[in-house]
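Asks: Chains A and B, in that order, give the protein sequences.
First residue of the first sequence: 307, per the working numbering; consecutive thereafter.
First residue of the second sequence: 3, per the working numbering; consecutive thereafter.
If you're looking for bench data, these hints aren't it; they were derived computationally from the structure.
From a predicted model like this one, the values you see are computed outputs, not experimental measurements.
Be careful, since some hints might not be right.
Said to hold, decoys possible - Partial chain A-side listing against chain B, Cβ under 7 Å, derived:
| id | residue |
| --- | --- |
| 1 | Ala348 |
| 2 | Arg354 |
| 3 | Phe443 |
| 4 | Val444 |
| 5 | Tyr457 |
| 6 | Glu518 |
| 7 | Tyr519 |
| 8 | Glu520 |
| 9 | Ala528 |
| 10 | Val537 |
| 11 | Tyr576 |
Backbone N, C-alpha and C fix where the C-beta goes; we use that ideal spot for every residue, glycine too.
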Amino acid sequence: MPSLKDLKNRINSVKSTRKITKAMQMVAAAKLRRAQEQAEAARPFAARMERVLGNLSRAAKDSPTAPRLLAGTGKEDVHLLIVATAERGLCGGFNSSIVKLAKQHAERLINEGKTVKIMTVGKKGREQLKRDLSKHFVHHVDLSAVKRLGYGDAAGIAHDVLARFDAGEFDVATLFFSRFQSVLTQEPTAQRLIPASFEEKEGADDGATGYEYEPSEEEILADLLPRNVGVQVFTGLLENAASEQGARMTAMDNATRNAGEMIDKLTIQYNRSRQAAITKELIEIISGAEAL
Amino acid sequence: MAEKLEFELVSPERRLAGGPADQVTIPGMEGDLTAMAQHAPFLTTLRPGIVTVTEAGKAEEFFVTGGFAEVSDNTVSVLAEEAVARGDLSREWLDARIQSAEQELADAAEDRKMAAGQRVMDFRNVLGILSL
Numbered sequence: 307m308p309s310l311k312d313l314k315n316r317i318n319s320v321k322s323t324r325k326i327t328k329a330m331q332m333v334a335a336a337k338l339r340r341a342q343e344q345a346e347a348a349r350p351f352a353a354r355m356e357r358v359l360g361n362l363s364r365a366a367k368d369s370p371t372a373p374r375l376l377a378g379t380g381k382e383d384v385h386l387l388i389v390a391t392a393e394r395g396l397c398g399g400f401n402s403s404i405v406k407l408a409k410q411h412a413e414r415l416i417n418e419g420k421t422v423k424i425m426t427v428g429k430k431g432r433e434q435l436k437r438d439l440s441k442h443f444v445h446h447v448d449l450s451a452v453k454r455l456g457y458g459d460a461a462g463i464a465h466d467v468l469a470r471f472d473a474g475e476f477d478v479a480t481l482f483f484s485r486f487q488s489v490l491t492q493e494p495t496a497q498r499l500i501p502a503s504f505e506e507k508e509g510a511d512d513g514a515t516g517y518e519y520e521p522s523e524e525e526i527l528a529d530l531l532p533r534n535v536g537v538q539v540f541t542g543l544l545e546n547a548a549s550e551q552g553a554r555m556t557a558m559d560n561a562t563r564n565a566g567e568m569i570d571k572l573t574i575q576y577n578r579s580r581q582a583a584i585t586k587e588l589i590e591i592i593s594g595a596e597a598l
Numbered sequence: 003m004a005e006k007l008e009f010e011l012v013s014p015e016r017r018l019a020g021g022p023a024d025q026v027t028i029p030g031m032e033g034d035l036t037a038m039a040q041h042a043p044f045l046t047t048l049r050p051g052i053v054t055v056t057e058a059g060k061a062e063e064f065f066v067t068g069g070f071a072e073v074s075d076n077t078v079s080v081l082a083e084e085a086v087a088r089g090d091l092s093r094e095w096l097d098a099r100i101q102s103a104e105q106e107l108a109d110a111a112e113d114r115k116m117a118a119g120q121r122v123m124d125f126r127n128v129l130g131i132l133s134l
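Bound conformation, chain A alone:
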């Protein structure tokens, strides 16, 4: 049976925890709004890029001179997994769910006898992957110093990936990140970057006919495909940022609620023990008086 003093201390400590989680939830909410705005603002560029490339690549896909970024290297032996997670924890299952997806993917590939290379973005994912897959690590990108994610950050990652591709270090690159659906749901996603994949949309090639290209279609394609890698990485990182804040907000909301429940329970316990102590004292006084 804890003493009254102990209970009082516990209640106070849970109260200050609740204050912290409450504050974190509000900070996350503010950051989420900003992250969402940023993701929103980046959408037109990515959408146009994808449409134009979709049209161009449909035409070029079957041609023997198709760029390697589109057609692939002809092999699928070495896979590069780019795992993008957060730099900070305390955001519920956000990091773990991305890592879990990446791990499943990696294990399947290893079982199939392929070589797996892992590039991590964000230290939380690296920490979680380190235990089982650290021998596959090839590179780590640290974004903890980045306050506001810019295209330059994504372009840097893309540049590195492309350099490795040109050096023949891998055949297929997949980006793992969490797609933001709502504050409550974030979906861990695997997106193939190289060779480039485009959703087949019905009737989408209407716009492709009748275009004039300068320079030639193939040259434009060769120019745009590397850029597209950067844009896709950027979109992924933005989605990730929004998801992280969303997940943190939900996690902190739960934590605040749990702390509240705990405070209520402890307060009841505190009051009961206080009552019991008073009753005990009274009984002692009364029985003392009776004995006289």
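With chain A held as given, fit chain B onto it using these hints.
Replies: Only chain B this time, still in chain A's reference frame:
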């Protein structure tokens, strides 16, 4: 000139400018070109240069470092890697870009030397045009 174009300038981070325009001059990879209403569908990559948007006699200028432009259905979309309004352009900013382009030229593989060299030249030209 009754008919107008819809102009749009977007960077990967956000939409920078947009609205109706009488004509838009784009620094295409193989030379400048001006799009007016009813221009044929057209797609070109960009070199570092200046996009000029003319609307009701007033010209607005943006510096772009590269990207591509699409003209279709009376809409001009310039998808720039980086874009800055001419008024906000600074010598330091450009110098930094020129330096990184020169670095790229130094690192470029033999078959890419031409393109990388051209890029450095384009940047230098802009410096001349703007007389910064």
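Asks: If a hint holds in the structure, say so; if it doesn't, say that too.
Replies: Results of checking the hints against the structure:
Interface restraint check for alanine 348 of chain A: the shortest CB-CB distance to chain B comes to about 6 Å, inside 7 Å, so the restraint holds. Satisfaction of the interface hint for arginine 354 of chain A is found here, the shortest Cβ-Cβ separation to chain B being roughly 6 Å, below the 7 Å cut-off. Because the closest C-beta pair between phenylalanine 443 of chain A and chain B is about 25 Å apart, greater than 7 Å, the hint is violated. Interface hint at valine 444 of chain A: violated, since its Cβ lies 21 Å from the closest Cβ of chain B, which is beyond the 7 Å cut-off.
Checking tyrosine 457 of chain A against chain B by beta carbon gives a least distance of about 4 Å; that is within 7 Å, so the hint holds. Contact between glutamate 518 of chain A and chain B, as hinted, is supported at the beta carbon level, the nearest pair being about 5 Å apart and thus within 7 Å. Below 7 Å, beta-carbon pairs count as interface contacts, and tyrosine 519 of chain A has one with chain B at about 5 Å; its hint therefore holds. Of the supplied interface hints, the one on glutamate 520 of chain A holds, with its beta-carbon coming within about 4 Å of a beta-carbon of chain B, less than 7 Å.
For alanine 528 of chain A, the interface hint is violated, the least distance from its beta-carbon to any beta-carbon of chain B being 10 Å, above 7 Å. Given the 7 Å rule on beta carbons, the hint for valine 537 of chain A holds: about 6 Å separates it from the nearest Cβ of chain B. A hinted interface residue such as tyrosine 576 of chain A counts as satisfied when its beta carbon comes closer than 7 Å to some beta carbon of chain B; here the least separation is about 54 Å, so the hint is violated.
The structure is inconsistent with the numbered hints 3, 4, 9 and 11, although it conforms to all the rest.
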